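Chemist: Sequence:
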Amino acid sequence: MKRVPTVYNTLFLCAALLFVPQFASAQQSGVTAQAATDTVPDIANNGAGQVTLQKSPNVFDESQYKSLVFTSWERSAITDARLSKGDQRAVAEWELEEALNRTEEVKEPPRPEDRELILGGILFHDREDWTIWLNKKRVTPEALPEEVYDLNVYENYIEMKWYDEYTNRIFPLRMRAHQRFNLDTRIFLPG
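All the letters of the sequence shown, read from the start, carry residue numbers 40 to 230 under my numbering.
These aren't lab readings, by the way, just hints derived from the structure by calculation. Some clues are possibly wrong.
[As the list claims (entries may be wrong)] Derived Cβ-Cβ restraints for the label pairs, each shown as a range: (1) Asp223 to Lys176: 15 to 25 Å; (2) Asp203 to Glu137: 47 to 57 Å; (3) Ala216 to Ala138: 43 to 53 Å; (4) Arg225 to Thr170: 24 to 34 Å; (5) Asp223 to Asn140: 41 to 51 Å; (6) Phe227 to Ser123: 16 to 26 Å; (7) Leu139 to Pro211: 36 to 46 Å.
Just so it is clear, the structure is predicted and the values come from calculations on it, not from any experiment. For each residue, glycine too, the CB sits at the ideal point set by N, CA and C.
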């Protein structure tokens with residue numbers, strides 16, 4: 040007959056490993072500590088009597104250890120988050136009306152051909168002397184487009200961060216010569 044460990048077996052094993060050594064060490068050393076007692080109604084006799092429960096003095100002291108999972112810094116952050124709940128005020132009617140009456144500019148979507156980055160070629164001499172053709176425009180270290188951030192040009196490829204104003208996103212890119220990148224589909228295409 041094959042035995043399958045169950046949750047109860049696992050719990051019993053954990054309890055045995057945690058509590059039995061404490062009771063055994065207390066009996067071996069002969070030390071008798073005064074245990075805390077609680078009285079509860081006796082359920083077996085329909086609450087007619089009292090049963091005294093004793094807590095072992097060697098059991099885990101929770102005041103000494105606030106948490107087994109979180110550090111003291113994490114506990115203080117959780118406590119701060121719990122205490123700060125509800126500190127926000129409700130929105131006033133005049134603020135709500137002002138927000139509803141405010142009109143935002145609707146961005147007109149750019150043409151599909153303006154949504155591609157095309158790297159035509161790379162002419163590289165050294166890190167300070169290069170020329171690339173990006174979207175059919177000549178780009179040099181002195182003449183960078185306003186959408187380009189952090190441009191690094193190498194002999195066979197370029198690395199740059201392109202700011203897309205329409206989606207308000209920054210795309211980190213590595214492109215080779217004669218390569219296209221579509222900003223909408225986020226895929227690289229040849230040519």
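Chemist: Indicate, hint by hint, whether the structure satisfies it.
Modeler: Quick rundown of the hints versus the structure:
no.: 1; hint: Asp223 to Lys176: 15 to 25 Å; in the structure: holds (21 Å)
no.: 2; hint: Asp203 to Glu137: 47 to 57 Å; in the structure: violated (30 Å)
no.: 3; hint: Ala216 to Ala138: 43 to 53 Å; in the structure: holds (49 Å)
no.: 4; hint: Arg225 to Thr170: 24 to 34 Å; in the structure: holds (27 Å)
no.: 5; hint: Asp223 to Asn140: 41 to 51 Å; in the structure: violated (33 Å)
no.: 6; hint: Phe227 to Ser123: 16 to 26 Å; in the structure: violated (46 Å)
no.: 7; hint: Leu139 to Pro211: 36 to 46 Å; in the structure: holds (38 Å)
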